[in-house]
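Asker: As a plain string of letters, each chain reads:
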Amino acid sequence: MNYTLHFGAVWASFDHLLGGLAIGLALAVAAVAVGTVIGLLSAFASVSRSRLLRGISGTYVLLIRNIPLLVLVLLVYFALPQTGIRLDKYESFIGSLALYAGAYLTEVFRAGLLSVPKGIVEAGRAIGLTRMQTNISVVMPVMLRNSLPSLGNTFIGMFKDSSIAAAIAIPELTFEARKINVDTFRVVETWTVASGLYIAACFTIAALLRMLERRFPKF
Amino acid sequence: MTKIDTARPLLDIRGLKKNFGAVEILKGVDLSLQPKDVVSIIGSSGSGKTTLLRCVNLLEEFQGGDIILDGETIGYKTVGAKRTRLRDAELSRQRAMTGMVFQSFNLFPHLTAAGNVMLGLRKVKKLGKEEAFAIAEKWLIRVGLGPRLDHYPSQLSGGQQQRVAIARALAMNPKLVLLDEVTSALDPELVQEVLTTIKSIADDGATLLIVTHEMRFAREVSSRIVFMEQGRIAEEGTPSEIFGEGRSQRLNEFLKSSRH
Ligand SMILES: Nc1ncnc2c1ncn2[C@@H]1O[C@H](COP(=O)(O)OP(=O)(O)OP(=O)(O)O)[C@@H](O)[C@H]1O
Ligand SMILES: [Mg+2]
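Going down the list, the sequences are from chains A and B.
Taking UniProt numbering, the leading residue of the first sequence gets 1, the next gets one more, and so forth.
Taking UniProt numbering, the leading residue of the second sequence gets 1, the next gets one more, and so forth.
No lab work stands behind these hints, which were simulated from the structure alone.
The beta carbon of each residue, even a glycine, is placed where N, CA and C say it ideally should be.
Take these hints with a grain of salt, some might be off.
Per label pair, the in silico range of CB-to-CB distance [stated by the list, open to error]: (1) A:19 <-> B:155: 42 to 48 Å; (2) B:21 <-> A:74: 50 to 56 Å; (3) B:199 <-> A:210: 44 to 50 Å; (4) B:89 <-> A:19: 31 to 37 Å.
With a Cα cut of at most 20 Å, we get these calculated SDA-like pairs of lysine to any residue [said to hold, decoys possible]: (5) B:17 <-> B:230; (6) A:118 <-> B:238; (7) B:77 <-> B:60; (8) A:160 <-> A:2; (9) A:179 <-> A:11; (10) B:125 <-> A:179; (11) A:118 <-> B:158; (12) B:123 <-> A:160; (13) B:125 <-> A:130; (14) B:123 <-> A:130; (15) A:118 <-> B:96; (16) A:118 <-> B:61; (17) A:89 <-> A:119; (18) B:27 <-> B:250; (19) B:123 <-> A:89; (20) B:82 <-> B:96; (21) B:125 <-> A:131; (22) B:123 <-> B:158; (23) B:77 <-> B:50; (24) A:118 <-> B:111; (25) B:123 <-> A:119; (26) B:36 <-> B:238.
Can you make the complete structure from the sequences, with help from the hints?
Answerer: This is the structure we're talking about:
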C-alpha cells in the first residue's frame, strides 16, 4: 500500500459537497411530504370497506415495493415524457421518490391505523362526528403520533436514497462527490468525506426527530 | 300556544331485534322512557344490555323493530316494504341527540380534558372556540374537574377520566344519555365519585338509560328498573317492585348471584 491520503483537493470543493447535501435533504423533504399524502390516502384505502379501494392500495404497494428505486427513477424520467408528460429532472425524481416513500408509508400508516383503539373511534361517532370528521379529528392525530418513529426512519431512508438522483444528473451529494472524484482522482478521500457527511446528516436528523417525539405528549 | 304532548315518550323502542350473524341477540325488546326518566337495566352477562344501548346510539345495526327518539324514527327509513339504513350524515345527526358514556372511558388521548369536551361542540355544533371552551369549562367544573381542564387523559385517574367522559356527553346537550357499566373498569375507591356525579345529573332532570351491576345505586337513582334475560325484557318495575318481596324466582336468583 503506497496510497497517501491527500484531503486538500476534497476540501477545496467542500462547498459543492455541502450544496449537494442540501439538495439531497430538500429532495427528501419534498418526497416525504408528497409521500405522506399518498401514504395517508393509500393507508385509509387499505382499511376501507370498499374492495376496489383496498385493491388499488394493495396493488400500488406491491408494484412499488418490487421495483428497485433506481429503475423506478429511470422509468419515470425516461418513459414519462413519451406519454407527453413533461417534467424537469427534479420534479421527476421527487415524484419517483414520493411514490416510493408512499408505498412504505402506506404500511407505516396502516399499522398506525390498526393501532388506534376502536373505543375512541366509537366515542367520536357517539358525539355525532361523521365518519370523515372522526378520521380527521380523532384517528389521524392518534395514528400520526403512533407512527412518528417509523415516519422518521422512513425520512432518513429517503434522504439516503436521494443519492440515486445522481443517476439523472441532479447535483446532490453523491453526484458532486463523483465529480470531485473524476476531477482529482482522490477516490478514498472523496468517498470517505461523502460518507462522513451522510452519517453526520442522518445522526442530526435522528436527533431532531427524537426531540420532536418528546415534544408531543405520549398517550 | 303550542300544546306539549306529555304523553309522548322521549325514547320508544318497539320490538327491537338484533342478530350477530345467525345468532339472535335481541329478541324483540320493548321499552319506553318519558322525559326525566332514569331507567336502569340489570341482567346477567350476555343478556344483551350493551347491545341494546349500542342499537339506541346507532353504533350497531339492527334487523327488526323501531327506535323512536323524541318522535323521530332513527337509524332506518322504510319506503313501502323496503327498509334501508340511513346515510352517515343522517346517522351522525341522530347520534348527536344521545350521549353515550362507555365502560372504558374512551377519551381522546391527544386532547386535554377541555379538548375532549370541546371537540363535539366545535365540529358537530359548529360553535366558536370561545363559546365551546366556556361550555366545556362549565361542564368540567360541574363534574368536579375545574382544576384539571388542561390535563391529558393519561394524567388523570380512572374516576377523573370517566367524569370527563360524562362531561363530554352532557355538554352536547343530548335528549338522552346512555351509560354502560361506567364504573366497572374503576378501582373500588373511585366508583363513588362517578356514581355521585351521575346521581347529581339525574337530580338535575337528565333522561338516563343506565346499564349497571351496582344494585344499590340502581335502586337509589332509578325511576324504573328493567331486568333483561337472554335478549328479552323479563321484568320491569319500580325499584321497590324489583327489589321488594314480590319478585319472581329468576329475578331472585339473579339478584342473589350478583351480590358479591
Ligand atoms: N360484535 C359481536 N359479534 C358477535 N357477537 C356479539 C358481539 N357483541 C356481542 N355479542 C354477543 O351478544 C350477546 C350479548 O352481548 P352484550 O355485550 O350485549 O351483553 P351484556 O348484557 O352487555 O353483557 P355484560 O354484562 O357481560 O356486559 C353476547 O352473547 C355476546 O357474545
Ligand atoms: Mg355489557
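Asker: CA of residue 179 of chain A to CA of residue 11 of chain A, is that 20 Å or under?
Answerer: This hinted pair holds, its Cα atoms lying about 13 Å apart.
Asker: For the pair supplied as a hint, residue 123 of chain B and residue 158 of chain B, is the alpha-carbon distance within the 20 Å limit?
Answerer: 26 Å, violated
Asker: Hey, residue 123 of chain B versus residue 89 of chain A, does the alpha-carbon distance stay inside 20 Å?
Answerer: Not OK: residue 123 of chain B and residue 89 of chain A at ~43 Å, beyond 20 Å, violated.
Asker: Regarding the pair residue 36 of chain B and residue 238 of chain B, is the alpha-carbon distance no greater than 20 Å?
Answerer: 15 Å, holds
Asker: Given the hint of 44 to 50 Å, is the C-beta distance from residue 199 of chain B to residue 210 of chain A inside that range or not?
Answerer: 47 Å, holds
Asker: Given the hint that residue 82 of chain B pairs with residue 96 of chain B, does the C-alpha gap stay at or below 20 Å?
Answerer: Violated: residue 82 of chain B and residue 96 of chain B sit about 26 Å apart, past 20 Å.
Asker: Under the criterion that the straight-line Cα-Cα distance not exceed 20 Å, is the pair residue 27 of chain B, residue 250 of chain B satisfied?
Answerer: Holds, at roughly 19 Å.
Asker: With a cut-off of 20 Å on the C-alpha distance, tell me whether residue 118 of chain A and residue 111 of chain B pass.
Answerer: 17 Å, holds
Asker: Does the beta carbon distance between residue 19 of chain A and residue 155 of chain B stay inside 42 to 48 Å, or does it fall outside?
Answerer: 47 Å, holds
Asker: State, for the Cβ atoms of residue 89 of chain B and residue 19 of chain A, whether the hinted interval 31 to 37 Å holds or is violated.
Answerer: 52 Å, violated
Asker: Against the range 50 to 56 Å, how does the distance between the Cβ atoms of residue 21 of chain B and residue 74 of chain A compare: consistent or not?
Answerer: Hint holds: Cβ distance 52 Å, inside 50 to 56 Å.
Asker: Going straight from one Cα to the other, do residue 89 of chain A and residue 119 of chain A come out at no more than 20 Å?
Answerer: Status violated; Cα separation ~47 Å.
Going down the numbered hints, you'll see the structure goes against 4, 6, 8, 10, 12, 17, 19, 20, 22, 23, while the others check out.
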